[in-house]
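Number of protein chains: 2
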Amino acid sequence: MTRTLYHLPLSPFCRKVRLHMAEKQLAASLVEEAVWEGRAEFFDLNPAGDVPVLVEENGHTYCGAYAITEYLEEAYKLPPLLGDSATQRAEVRRLVQWFDEKFYDEVSRPILFEKVYRRLMQCGGPDTDLIRLAKESLGYHVEYLSELLTSRTWLAGEHFSLADIAAASHLSALDFLGDISWNQAQGIKEWYALVKSRPSFRSLLLDKVRGFFPPSYYANPDF
Amino acid sequence: MTRTLYHLPLSPFCRKVRLHMAEKQLAASLVEEAVWEGRAEFFDLNPAGDVPVLVEENGHTYCGAYAITEYLEEAYKLPPLLGDSATQRAEVRRLVQWFDEKFYDEVSRPILFEKVYRRLMQCGGPDTDLIRLAKESLGYHVEYLSELLTSRTWLAGEHFSLADIAAASHLSALDFLGDISWNQAQGIKEWYALVKSRPSFRSLLLDKVRGFFPPSYYANPDF
Chain A
191 MTRTLYHLPL SPFCRKVRLH MAEKQLAASL VEEAVWEGRA EFFDLNPAGD VPVLVEENGH
251 TYCGAYAITE YLEEAYKLPP LLGDSATQRA EVRRLVQWFD EKFYDEVSRP ILFEKVYRRL
311 MQCGGPDTDL IRLAKESLGY HVEYLSELLT SRTWLAGEHF SLADIAAASH LSALDFLGDI
371 SWNQAQGIKE WYALVKSRPS FRSLLLDKVR GFFPPSYYAN PDF
Chain B
191 MTRTLYHLPL SPFCRKVRLH MAEKQLAASL VEEAVWEGRA EFFDLNPAGD VPVLVEENGH
251 TYCGAYAITE YLEEAYKLPP LLGDSATQRA EVRRLVQWFD EKFYDEVSRP ILFEKVYRRL
311 MQCGGPDTDL IRLAKESLGY HVEYLSELLT SRTWLAGEHF SLADIAAASH LSALDFLGDI
371 SWNQAQGIKE WYALVKSRPS FRSLLLDKVR GFFPPSYYAN PDF
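In the order they appear, the protein sequences are chains A and B. Whatever position you read off the first sequence (first residue = 1), add 190 for the numbering used here. Whatever position you read off the second sequence (first residue = 1), add 190 for the numbering used here.
Here chain A stands alone, though its shape is the one from the complex (with noise of 0.2 Å):
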């Protein structure tokens, strides 16, 4: 059977994986889960009812960012993107959990939802303070991104890495919305737009929302 993934074109975690895949050439089909549906099948597929949801060529399941994320660097060793001695291991992975949690809750959860979902679900209008607040949380991140970059090639140090992976996950959702103001973020631009011009984000690039329309830069990598 072929490999294929559950999710939802702007989920950071979907993302995650689709561009963690991508870097070790893994194929995969992919399905669009409307998640807050509640279909009875997906459930079975994964108790949580959320996604991102691989299911390998074996049939096995993998639910959740974490599980597949440790997965993929487990069964397919190359590139690898967890780095080799334990300090760097270490340093990705707090990076990684940096967005997919502290980011997230500030920052890309909020505006998510407020602009997108409140709208996919249609339970009212956005709340516009939430937004204002995630946004100047995100200028925080921005600022934090950029010192690290001063003194390193890539966000854990000198190689590409998952942690790479997660925050151009976070950040080209909220791209894709208009909600990076590139002028203001100058520390993190090259950085990100080395990343994406990597081959592996392409596909993200051509993702098409219902209802939604990114700016003309988003799929230019000279933006």
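What the hints contain is simulated information worked out from the structure, not anything from laboratory work. Quick caveat, the model's predicted, so the values are computed rather than measured. We put the beta carbon where it would ideally sit given N, CA and C, even for glycine. Accuracy of the hints is not assured; some may be wrong.
Claimed, not checked - Pairwise CB distance ranges, derived in the manner of DEER restraints:
#1 B:P405 x A:R309: 39 to 47 Å
#2 A:R309 x B:D274: 38 to 46 Å
#3 A:D295 x B:T318: 21 to 29 Å
#4 B:G401 x A:W226: 36 to 44 Å
#5 A:E348 x B:V221: 29 to 37 Å
Said to hold, decoys possible - Among the chain A residues that face chain B by a calculated CB cut under 7 Å, a handful are:
#6 A238
#7 H250
#8 Y252
#9 C253
#10 Y256
#11 A257
#12 E260
#13 Y261
#14 G273
#15 A276
#16 A280
#17 R283
#18 R284
#19 Q287
#20 K292
Fit chain B to the supplied structure of chain A, relying on the hints for placement.
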């Protein structure tokens, strides 16, 4: 230098790391860190300003439960707490994520914030509606775990694993607050009694938190 863990006694993530280290018979000095005070030296250790942070004997620092637990598994192989096969490891990690994200979001974060951190941070009284909602969710989670345990000895299968540790970390913090009605949680009581009577659990049962008094059965493995 001594291995040191910066922690908070009722943080489920710190409890998870403490149990994990105790299962591997790794001793550590515990240092309580009032993260809401934003101590500058602590930010130097962990820019996220959060616990757990592990400083190893060689001085290396590991920030966040994700980086720490994966590091402990890689550095100290015995006993293995993630499982052997890819399927087994994915099942353990699926359940760890279940507790550290889903259960935390829906149950342990609101209850701990409203009941404990509001008081410690002196920011108003608890929102009893949020506590009520969280306790309702707790009921659904207990149901799901009970269902798993009808066909398994431990949460992820036939072996004690990080899934049991993650679950017990969240549940024990709530139990400290008297928020688990064991009469209504018969399906998980026997499993919890087994976890609670493990030597690794002992130090958690002796924790003191100023101004909070656990129910009499909290430290009793026969409850």
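Consistency of the hints with the structure:
1. B:P405 x A:R309: 39 to 47 Å: holds (45 Å)
2. A:R309 x B:D274: 38 to 46 Å: holds (45 Å)
3. A:D295 x B:T318: 21 to 29 Å: For A:D295 and B:T318 the Cβ distance comes to about 23 Å; the hint holds.
4. B:G401 x A:W226: 36 to 44 Å: holds (40 Å)
5. A:E348 x B:V221: 29 to 37 Å: holds (32 Å)
6. A238: Because about 6 Å separates A:A238 from the closest Cβ in chain B, which is inside the 7 Å limit, the hint holds.
7. H250: holds (6 Å)
8. Y252: Holds, about 5 Å.
9. C253: holds (5 Å)
10. Y256: Where the cut-off is 7 Å and the nearest Cβ of chain B is about 4 Å from A:Y256, the hint holds.
11. A257: Holds, about 4 Å.
12. E260: Hint on A:E260: holds, closest Cβ of chain B at ~6 Å, below 7 Å.
13. Y261: Nearest chain B Cβ about 5 Å off; hint holds.
14. G273: Violated: closest Cβ of chain B sits about 11 Å from A:G273, beyond 7 Å.
15. A276: For A:A276, the interface hint holds, since the closest Cβ of chain B sits about 6 Å away, which is under 7 Å.
16. A280: holds (5 Å)
17. R283: holds (4 Å)
18. R284: holds (5 Å)
19. Q287: holds (4 Å)
20. K292: A:K292 check passes; min Cβ-Cβ to chain B is 6 Å, inside 7 Å.
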